[in-house]
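Model the full structure from these sequences, guided by the hints.
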Amino acid sequence: MKKTLSPALMIAGCLASSNVLAADTPELIVYAPDYFGSEWGPGPAIEAGFEALCACDLKFVTGDVMSRLKLEGEGTEADAVIGLTTDQTAAARATGLFAAHGKDLSGLTLPVAWDDDTFVPFNWGETAFVYDKTRLAEPPASFAALLDMSDDVKIVIQDPRSSVSGLALVLWMSEVFGDGTEEAWRKLKPKILTVTPGWSEAYGLFTSGEADMVLSFTTSPAYHIIAEEDETKVAAIFPEGHYFMTELVAKIGATDQPDLADAFLDYVLSDDFQGMIATANWSYPAREFEGALPAVFASLPRPDKTLFLPEAEAEARREPAIATWLKVMSE
Amino acid sequence: MQAPARPMSRALKTGAALAAALVLTLTLGTLGAVLTRAEGFAGLGAADWSALRFTVTQAAVSAALSLLLAIPAARALARRRFPGRGVLITLLGAPFILPVIVAVMGLLAVFGRSGFLNDGLAALGFARVSIYGFAGVVLAHVFFNLPLAVRLLLQGWLDIPAERFRLAAALGFGPGDIARHLEYPMLRARTPGVFVAIFLICLTSFAVALTLGGGPKATTVELAIYQSFRYDFDLGRAAMLAAIQLGLCATAALLAARFTLPSGFGTGLDRPVARWDANGPFLRTQDIAVLILTSLFLLAPLLAVITAGLPRLGSLPAPVWQAALRSLAVAGVSTLAAIAMALPLALASAARSGRRGLETIGMLPLATSSLVTGTGLFLLLRPLANPGDIALAVTVAVNAAMALPFCLRALLPAARELEADYGRLAQSLNLTGLARLRLLTLPRLRRPLGFAAGLTAALSMGDLGVIALFADEDSATLPLQLYRLMGAYRMQDAAGAAVLLLALSLALFWALDRGGRADA
Chain A
1 MKKTLSPALM IAGCLASSNV LAADTPELIV YAPDYFGSEW GPGPAIEAGF EALCACDLKF
61 VTGDVMSRLK LEGEGTEADA VIGLTTDQTA AARATGLFAA HGKDLSGLTL PVAWDDDTFV
121 PFNWGETAFV YDKTRLAEPP ASFAALLDMS DDVKIVIQDP RSSVSGLALV LWMSEVFGDG
181 TEEAWRKLKP KILTVTPGWS EAYGLFTSGE ADMVLSFTTS PAYHIIAEED ETKVAAIFPE
241 GHYFMTELVA KIGATDQPDL ADAFLDYVLS DDFQGMIATA NWSYPAREFE GALPAVFASL
301 PRPDKTLFLP EAEAEARREP AIATWLKVMS E
Chain B
1 MQAPARPMSR ALKTGAALAA ALVLTLTLGT LGAVLTRAEG FAGLGAADWS ALRFTVTQAA
61 VSAALSLLLA IPAARALARR RFPGRGVLIT LLGAPFILPV IVAVMGLLAV FGRSGFLNDG
121 LAALGFARVS IYGFAGVVLA HVFFNLPLAV RLLLQGWLDI PAERFRLAAA LGFGPGDIAR
181 HLEYPMLRAR TPGVFVAIFL ICLTSFAVAL TLGGGPKATT VELAIYQSFR YDFDLGRAAM
241 LAAIQLGLCA TAALLAARFT LPSGFGTGLD RPVARWDANG PFLRTQDIAV LILTSLFLLA
301 PLLAVITAGL PRLGSLPAPV WQAALRSLAV AGVSTLAAIA MALPLALASA ARSGRRGLET
361 IGMLPLATSS LVTGTGLFLL LRPLANPGDI ALAVTVAVNA AMALPFCLRA LLPAARELEA
421 DYGRLAQSLN LTGLARLRLL TLPRLRRPLG FAAGLTAALS MGDLGVIALF ADEDSATLPL
481 QLYRLMGAYR MQDAAGAAVL LLALSLALFW ALDRGGRADA
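Order-wise, the sequence lines are chains A and B. Counting in the working numbering, the first sequence tops out at residue 331, every number present. Counting in the working numbering, the second sequence tops out at residue 520, every number present.
Worth flagging that the hints you see were computed from the coordinates, not collected in a lab. The beta carbon of each residue, even a glycine, is placed where N, CA and C say it ideally should be. Wrong hints could be hidden among the right ones.
Footprint (simulated), chain A over chain B, 3 or more residues, beta carbon under 8 angstroms [said to hold, decoys possible]: (1) 75 to 81; (2) 206 to 214; (3) 218 to 232; (4) 373 to 382; (5) 482 to 488.
A short, non-exhaustive set of chain B residues, derived as facing chain A with CB atoms under 10 angstroms [stated by the list, open to error]: (6) S50; (7) L52; (8) G112; (9) S114; (10) A123; (11) A127; (12) S130; (13) L235; (14) G236; (15) A274; (16) A308; (17) P387; (18) M491; (19) Q492.
Written out as structure tokens, the structure is:
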């Protein structure tokens, strides 16, 4: 902590459990989304795991990663960045800040082919509508069936303009329904109870009983089964396929810690890191191995078909897909 | 803090100028910093205009409705004495200081699809009603802001000297005469400012409008700003939208100032107020009904929040408690900072009657976009310090600035009356400097100061504060931990954290506000 500033900072300094480090310990700065700063996410375990290997200090700087990188440009302090999504990679690549990873990605177990030379996936998941089987006796068997359900069934979704999962939904529907997307939204609209700014608000509305279904992920039920022993939450699996999402890690080209950054990428692909993804991040690890998933997780129903939009395609479709959504929802 | 001497002494001028400069830096300065990084300006699209229309309409309706409902409630509180009145006044203030998402959950437990109201309607054989849409947005904004309006107006009633009511009783005034000669002039002096404050709060609303608005028809300007950052990184567009918000704010504040008339009650001897006019059975029944309805509307959602979270309060994880301590510290420092800015601004503004510049500057933080402020601060401070290291200091500064408009709303009317009633006397006695502050200013402004401090402390507890760019591993505040719990599926723990937050905010508010009104 700095010597200046307020009593608040001093108190915070006392409370912070930062261990004292020798002055010459190298520091690896990794920009990450806010959930890496959370005690209930994978951040702390990753930090401990990597620091045990690297004789360094791994520091997560959490917040809005892309905005910060763009504001800082060449002057960024980051050595690596974790948690970018495929809807950000086009913009991230365009900054020219990132270096090629040089890793062998043949061990990845994603449901899609991944050969990007810059961004390394560390988890993946698929969007899905989650329901409570005690409240929704007859869940839809397909996306088409969802559209045909009674308008009394109420669904909460997220706004594609402020939420990653909300954006995933408009792209998912554009992939499933093609030219019929606008009509599909028109059929879905009366069932949409409301649109929330982020995932948390929507999921809160669902668990509090306000909505019958919520836009979330195929892996969401695993949390309820493992952490709450609650088997009533189920993801509806659609034969039309589910939209693939992955989170990525990449190395900054101008880093002053190239070896550490490189070692961090190796660590991300290691059994240790990949093994904690399931129950810390409630998603699938990018490199699944024997024992990487708890039994409950492994037995979750998985879609037969995965829908994946490569970066350029997702970027091109984003604006028209949001425009279609806006048009129908504002009618 | 600068001690005020004679009207506009050098110390007061310096204090007010410093406060104004800090506010301008946080509002216009940050906007300017963002503008320097903008690459070209696109015009506003149809969607932006429709967002602007929706934003202004819902804000105007919400503010008007809050004010209309607040007048009878504040009057009932002002003229009735009953056991538990102080506690009720504190509790009624609670919705204003709740984090948005918690309040929305509470509201939905009462008015939602499966809330008490709809279950009740269904049990009685009526159709269920949906609150999603324009009505829901207004309902939520009234829920949030009615408490503020009630408190600011109640203060107006309490500031009418007891002697005026004695004179009114001696002249045989009925309730109608009281309303015409005492209450209406007071409202004329207070309501425009209250209206503007609430209008501006609703103007920058984002999560409420979206969650209860039911869809993109309920898009506000703030969401458009967010979108410009998130996907397009179009700083020019974001800055332009933020400038429009600030322009609306300045216009509204200046308009309100034009409609404000001084009440001119003169001084009193601070005797207890007795209301001989309000003892009739009709008025008594009316006040009781108003108070019961207002309490039901404001307290039922709170009760739902408490019921949901109380069982988890004891088993909250340790980081939540650490964050609570950190938030308390932030709230304490923010409060000192806000009062240190608000008092000189209010005194200087009162000393320059007829000039509204300082008052308008003090209202600007209400209309700033937190995203633009955060980004601008980041750009301004990054050359000077590591953003992570100053995260809590920035939180304090932003909290203090955000609370300043409320402090001013509480302090300004009282400061103006102080100046009108005692200014010449103090000057003729050559009462200056610290002596004036100690003997005149602080005792006369004790009530609004206590209220302003309580409000700032509570708001600082509940505010998410900074702003994505300054977060740091070890600086999580209680509201941030609450959101993180929700983000990690732990809705039950989040409900527990919400109760903790509510309890701490209310306790701070009660303690500070109580200190300011020993006689109420």
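Here's how the hints hold up against the structure:
Chain A is given as covering the segment 75 to 81 of chain B, and this is violated because 0 residues of the stretch bring a CB closer than 8 angstroms to a CB of that chain, at least three being needed. Here's how the segment 206 to 214 of chain B fares: 7 of its residues keep a CB closer than 8 angstroms to some CB of chain A, so the rule of at least three is met and the hint holds. Coverage of the segment 218 to 232 of chain B by chain A holds [criterion: at least 3 residues with CB-CB distance below 8 angstroms; count 6]. Only residues whose beta carbon comes within less than 8 angstroms of a beta carbon in chain A count, and the segment 373 to 382 of chain B has 4; three or more means the coverage holds.
Taking a C-beta to C-beta cut-off of 8 angstroms, the segment 482 to 488 of chain B contributes 6 residues in contact with chain A, enough for the three needed, and the coverage statement holds. Taken as an interface hint, S50/B checks out: its beta carbon lies about 8 angstroms from the nearest beta carbon of chain A, inside 10 angstroms. Interface hint status for L52/B: violated, as the beta-carbon distance to the closest one in chain A is roughly 14 angstroms, over 10 angstroms. Taking 10 angstroms as the C-beta contact cut-off toward chain A, the hint placing G112/B at the interface holds, the least distance being around 5 angstroms.
For the restraint placing S114/B at the interface with chain A, the shortest Cβ-Cβ distance is roughly 5 angstroms, inside the 10 angstroms limit, so the hint holds. With a cut of 10 angstroms, the hint placing A123/B at the interface with chain A is violated, because the nearest CB-to-CB distance is about 17 angstroms. The beta carbon of A127/B comes no nearer than 12 angstroms to any beta carbon in chain A, farther than 10 angstroms, and the hint placing it at the interface is violated. Because the beta carbon of S130/B sits about 8 angstroms from the nearest beta carbon in chain A, less than 10 angstroms, this interface hint is met.
At its closest, the beta carbon of L235/B sits 9 angstroms from a beta carbon of chain A; the interface hint therefore holds under the 10 angstroms criterion. Taking 10 angstroms as the C-beta contact cut-off toward chain A, the hint placing G236/B at the interface is violated, the least distance being around 14 angstroms. Nearest Cβ of chain A to the Cβ of A274/B: about 45 angstroms, over the 10 angstroms cut. The hint is violated. With a least beta-carbon distance of about 8 angstroms to chain A, the hint placing A308/B at the interface is held under the 10 angstroms criterion.
The beta carbon of P387/B is positioned within 10 angstroms of a beta carbon in chain A (closest approach about 8 angstroms), and the interface hint is therefore held. Evaluation of the M491/B hint against chain A yields a held restraint, the C-beta minimum of about 5 angstroms falling below 10 angstroms. A hinted interface residue such as Q492/B counts as satisfied when its beta carbon comes closer than 10 angstroms to some beta carbon of chain A; here the least separation is about 8 angstroms, so the hint holds.
Violation of the numbered hints given earlier is confined to hints 1, 7, 10, 11, 14, 15; the remaining hints are satisfied by the structure.
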